[in-house]
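S.K.: Residue numbers (my numbering), protein chains in the order written: chain A, 2 to 711; chain B, 2 to 711.
One or more of the hints may lead you astray.
Derived DEER-like restraints, expressed as beta-carbon distance ranges [to be verified]: (1) B:221 - A:308: 53 to 63 Å; (2) B:221 - A:255: 57 to 67 Å; (3) A:581 - B:533: 57 to 67 Å; (4) A:255 - B:4: 45 to 55 Å; (5) A:253 - B:295: 52 to 62 Å; (6) B:517 - A:581: 20 to 30 Å; (7) B:249 - A:255: 36 to 46 Å.
Heads up, simulated BS3-like pairs for lysine-lysine below, C-alpha to C-alpha not over 25 Å straight-line [said to hold, decoys possible]: (8) B:678 - A:660; (9) B:588 - A:678; (10) A:678 - B:660.
In short, the hints are calculated from the structure, not lab data. Where is the CB? At the ideal position from N, CA and C, for every residue including glycine.
Number of protein chains: 2
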Amino acid sequence: HQYRYLALKWALALVVGVGTATTAFLINLMVENLAGLKFSWTIQAMASSSAGAYFLYMIFNVLLVASSACIVTYFAPQATGSGIPEVKCYLNGIDLPGILLFRTLVGKVVGSVGSVAGGLAVGKEGPLVHTGSCIAALLSQGGSKRVHLSPKWFREFNNDRDRRDLVTCGACAGVAAAFRAPVGGVLFAIEEAASFWRPQLTWRTFFTTAVVSVTIRALMNACKGESDCGFFGGGGFIIFDINDGQSEYWIYELLPVLILGTLGGLLGSSFNYVNGKLTQWRIKYLYKNHHSSRRHVKVIEAMLVAFITSTFQFCLPLAFSCRECDPDIATCPRPAGVHYGNFVKFTCPGDNQYNDLATIFFNTQDDAIRNLLSSEMEQEYSPTALVTFFCFFFVLAVITYGISVPSGLFVPSILCGAAYGRLVGMLMTSITGNAEIKEGTYALLGAASFIAGAMRMTVSMCVIILELTNNLSLLPLVMFVLLVSKAVADLTGILPIYDLHIHIKKIPLLEHSSERYFRHLSASDAKSKTCVQFGRVEKVGFILDVLKSHTHNGFPVVEAHPTDRVTNETSTLLGIVLRNHLLVVLKKKISFMKDPSEVVDPVLAFQYDLTEFTKPISSQGVKLDEIRLTDEEQNMYVDLKQFVNTSTYAVQEDMSLAKVYQLFRGLGLRHLCVVPKATGVLGVITRKDIVPEHVEAQYPEVKHLSRTNS
Amino acid sequence: HQYRYLALKWALALVVGVGTATTAFLINLMVENLAGLKFSWTIQAMASSSAGAYFLYMIFNVLLVASSACIVTYFAPQATGSGIPEVKCYLNGIDLPGILLFRTLVGKVVGSVGSVAGGLAVGKEGPLVHTGSCIAALLSQGGSKRVHLSPKWFREFNNDRDRRDLVTCGACAGVAAAFRAPVGGVLFAIEEAASFWRPQLTWRTFFTTAVVSVTIRALMNACKGESDCGFFGGGGFIIFDINDGQSEYWIYELLPVLILGTLGGLLGSSFNYVNGKLTQWRIKYLYKNHHSSRRHVKVIEAMLVAFITSTFQFCLPLAFSCRECDPDIATCPRPAGVHYGNFVKFTCPGDNQYNDLATIFFNTQDDAIRNLLSSEMEQEYSPTALVTFFCFFFVLAVITYGISVPSGLFVPSILCGAAYGRLVGMLMTSITGNAEIKEGTYALLGAASFIAGAMRMTVSMCVIILELTNNLSLLPLVMFVLLVSKAVADLTGILPIYDLHIHIKKIPLLEHSSERYFRHLSASDAKSKTCVQFGRVEKVGFILDVLKSHTHNGFPVVEAHPTDRVTNETSTLLGIVLRNHLLVVLKKKISFMKDPSEVVDPVLAFQYDLTEFTKPISSQGVKLDEIRLTDEEQNMYVDLKQFVNTSTYAVQEDMSLAKVYQLFRGLGLRHLCVVPKATGVLGVITRKDIVPEHVEAQYPEVKHLSRTNS
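Can you make the complete structure from the sequences, with help from the hints?
M.R.: Written out as structure tokens, the structure is:
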């Protein structure tokens, strides 16, 4: 039995890895093919007329983005945005409705293809984290009851902890698939996503990410031939082309790296600040109308952003003059008929010319990253092109994150950072004259600095960069730039972008440690003003009224009959009953009784199918308006003791709020009873008392019940 | 103020990194020089007489080991063994006496040099983890009071959490220094050492390990010249020489890898089993005598083991015939005058011959690893040599781990595993005839399998191997072998070696999750049989008596005067007072009073220097026999309220023991009061109630006290 459970756990981790990798591959395949088609048509049209090409390009983009916005707005509203904040909240213990549904998964995948192929300033990396988590959540649910695919051995997996563990694996798999960085994926979860970490999880998540990397490698090998996967060929999957970057560093490079770090911290946090203000404005003014018209506004907004983006991408490079190719580089300009790569010819007349702004702007995002980080040719970009690109792309990224499409932040952050990084690199090469110093390496450092400033990711970013570049000698520089950038961004007092959005949505995410002034408050300061509680035996109608008039998720139950109404002096606390469980009890009319003095044997409670009480992840559970009770039933009674969680944590009224916070955070609690000061003390438990050997020696009769958890 | 604190935290992490790296470098330097001298003299002596050389070699080894055993036994008893179990216990919240003292650090460093240079079957990697932790603990202590180096700003760092964090950094630094694997170091702490992990810590530990790798690189560069660092030259610092290993793998290789994994699981756990039995036998019979004679036994035992080891190392290769060199390999046999490297000539007469067993046995451990993992020459070793080496080295490793010297387990595990791994590799090359399959790669996989079997380290081992070999294509094979080996070893039911030793020493380390049968017990089942408690105002003599007769570390205090002796019905629980604090109160005679009805204003308590109450890590704190009280003082009273921790966690008597365990483990508690069932409930706290914004809005007056923790 135990081995079956263990095997199932690992098998599910394997399936999550394979599933996430395959999904990531399919997304990439579709994006590359759609974008390839778009650029291929546009370039053909450009031969006859620039205006016609612009319209073709723009319409293509607007349609793709509109399809993405429609599916997200009308079908899967939870698929909007990056998804990382939502996953973070779920792993913190907050059950946001609908974020891990099957329809969210579909919306995320299809929407992501539309928004990325449509040329928006978004990436597909963030959404992949959400995608992986959705796949994991759906697997952990133990099949689907609706399609009768729910064998019993599969259902036992359906508990909160196992589900949370598997979702963590899914999140890791997403990052690993996005960057092909197995170790980086695990560290991402440890640093950014997960609130609780168990050592056993490290190994399982790493297994998942390794499966991802093996699967992706196999799938990409299958696409090796030129025409096997359409336009996919050499595109897809961000790979920083930095193998030709510098392999040594000099002490004086610490100064430009310090500057880059400061720039990254300031620009990253101003990105957050502006985007936060914009999001608040959107909620307050743009989306203030009622439901259906708000949805139309969202789609129109997305199409408008797509229009602006396309216009910038096409028209700005027109204003730039062409640059001469280095004759040593065979692929300059990019040969006709190839739709990805460096040195985009665009409208340049000469055979040996390329348009530097078009190379990074009129291209897929992945290609633009590779081109910006490339060290193939120094002075590839004019400073004007880089500055123009940065300014416009920054604005586009700010307005795009928050519209109703799936949108990752890694790619825009990398592009913004790489632009000013390359500028600093150009300065460095011209000042020092050191041929070993590469602009591409500085672009990479710039990208790292912007990510550290906006998202405050450090370890995982550092490891992802190491894994991508395979260049351990860069470690000190990367680390220094991340350190400075995060410190500067923290000093500004602006929250990291994900936390900012969690904050704007007023989700009660608990950070690891409480504010210091919590020490000066006590539990009774924080407790709810009114205490809604049930007696042990309650009238069904009263329970229904309480559920209707209060939104609490748990209610304390005290030992008291409805005949003698609750008085704090005489009644002892039995425990907490959950709202979900009460809803199930009322809906299924479980053990209603006529006479309040009947007492139900608690053992009877176990005759019910306990899975009835488990809230499925794919639906909202029982809703209040599903409950139909006759007047007669409303006058019946129910003995709540059988549904109460008797082992509920309770704190005394004078407990410091800082310790209450620790309790919530450390154990992932959702509610806690505040009780009066204890009358006396029965004993003390020390560590020695709860070491398994000691307990076994004292209570040998329970040992046969032993079954280790791992 | 806050920034100074933050800056101090990072500065200390930097110093820990530099300190650990420098110490590791010095240990390596000394080991290589001592061992180099030893081999150089022995080889010179061999020219005249084998017997003379043997005696020289043996005496050198026995003397080195004796010096190590003496310093550990007589001066620093806590420096024995690997140190990883002790660090793990400290990070789990158990305060083992003396493990992080300065004298332990000295003993560890000097002892490690002696035991490794003395040729014992031990490594210097495990002790480095302990060394790093000691350095961190000493720094975190806020200077030394004894040498008056304790400025006030430095002392504020002296609290449990900051100290634990810094010790975690130290442990990471140790692993990073041992294997030159910065990411592996961080993952080692997450997987193996730390019980509590905060996301902020990830970044700080990674910073430390990066500092370590930069420092070591710089120090090794300083030794680049031939004669700069004596015999150190090309030696020191394990570097798996696997760059010439295979870069591809075939599906059919999964079978031998499966076999390797199974072998590793079985052999690793039998290593644990035999070593565990031996350790218990040692405690029961060998060390049963009283203090001073036990110490002599320990030193003699270590010298005996050194004698046996040296004899095997010198005499076994004599029984083996010489093998012919591959003429393509210039360094075969190892040139005369070089004291490290592959293809040891030993007693071989021919100019083109080497002794295969001597190459791995009569060499430093680091060299032996490099030689076993080398793919320079296939069929370098005869199967007999590998089998002989494995059998004897396994026995040596079993008897050595547990004697009174600092002894790491990584190196013996790697050597054992690499021996049978290479055997399997030889089989594979001869069966498949595939020239791409390398014996050295199989040796590496074997090493990984033995480590996973004995220590059950997986993620960190995998990442360390990836970092050392710089070969990401090996990932699937390494992962598969680790997975199988850990699963097989877990199935045997034998504990991992570190946990086994913790278990034998009866240390109450709390694993992450409790046994399943804990659910069937309640808090009152586990609580101490007798409840020793104090009233609010107690007689000094009574407190002293209780401290003398009970070893508890904390005592509950209830609101009651000594005049009306404690009755559970009427007295409310005030909190817990710590043994250490009571000892300080009694020693310093703080606020003793004649009249029990006097009540001390709790604010007065803060007039005492609070650092008086902090137990320094470098000493045992106040001891009972340091307290001198006159009869008159014994008859005085003390109001305990001012020393009580009023925010103590308490659970109701019927709380399930599984939840109690979670509370201990999740919050790192040391004791917990069990109280009667609460009379009524005052309110409920939900997540929303303790989100900082909500609290701030309700209690704006405390906001000015805000100071974030990070």
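S.K.: Does each hint hold? Answer for all of them.
M.R.: The hints, checked one at a time:
no., hint, in the structure
1, B:221 - A:308: 53 to 63 Å, "holds, 58 Å"
2, B:221 - A:255: 57 to 67 Å, "violated, 21 Å"
3, A:581 - B:533: 57 to 67 Å, "violated, 43 Å"
4, A:255 - B:4: 45 to 55 Å, "violated, 21 Å"
5, A:253 - B:295: 52 to 62 Å, "holds, 60 Å"
6, B:517 - A:581: 20 to 30 Å, "holds, 25 Å"
7, B:249 - A:255: 36 to 46 Å, "holds, 40 Å"
8, B:678 - A:660, "holds, 21 Å"
9, B:588 - A:678, "violated, 32 Å"
10, A:678 - B:660, "holds, 21 Å"
Of the numbered hints given earlier, the model fails hints 2, 3, 4, 9; all others are met.
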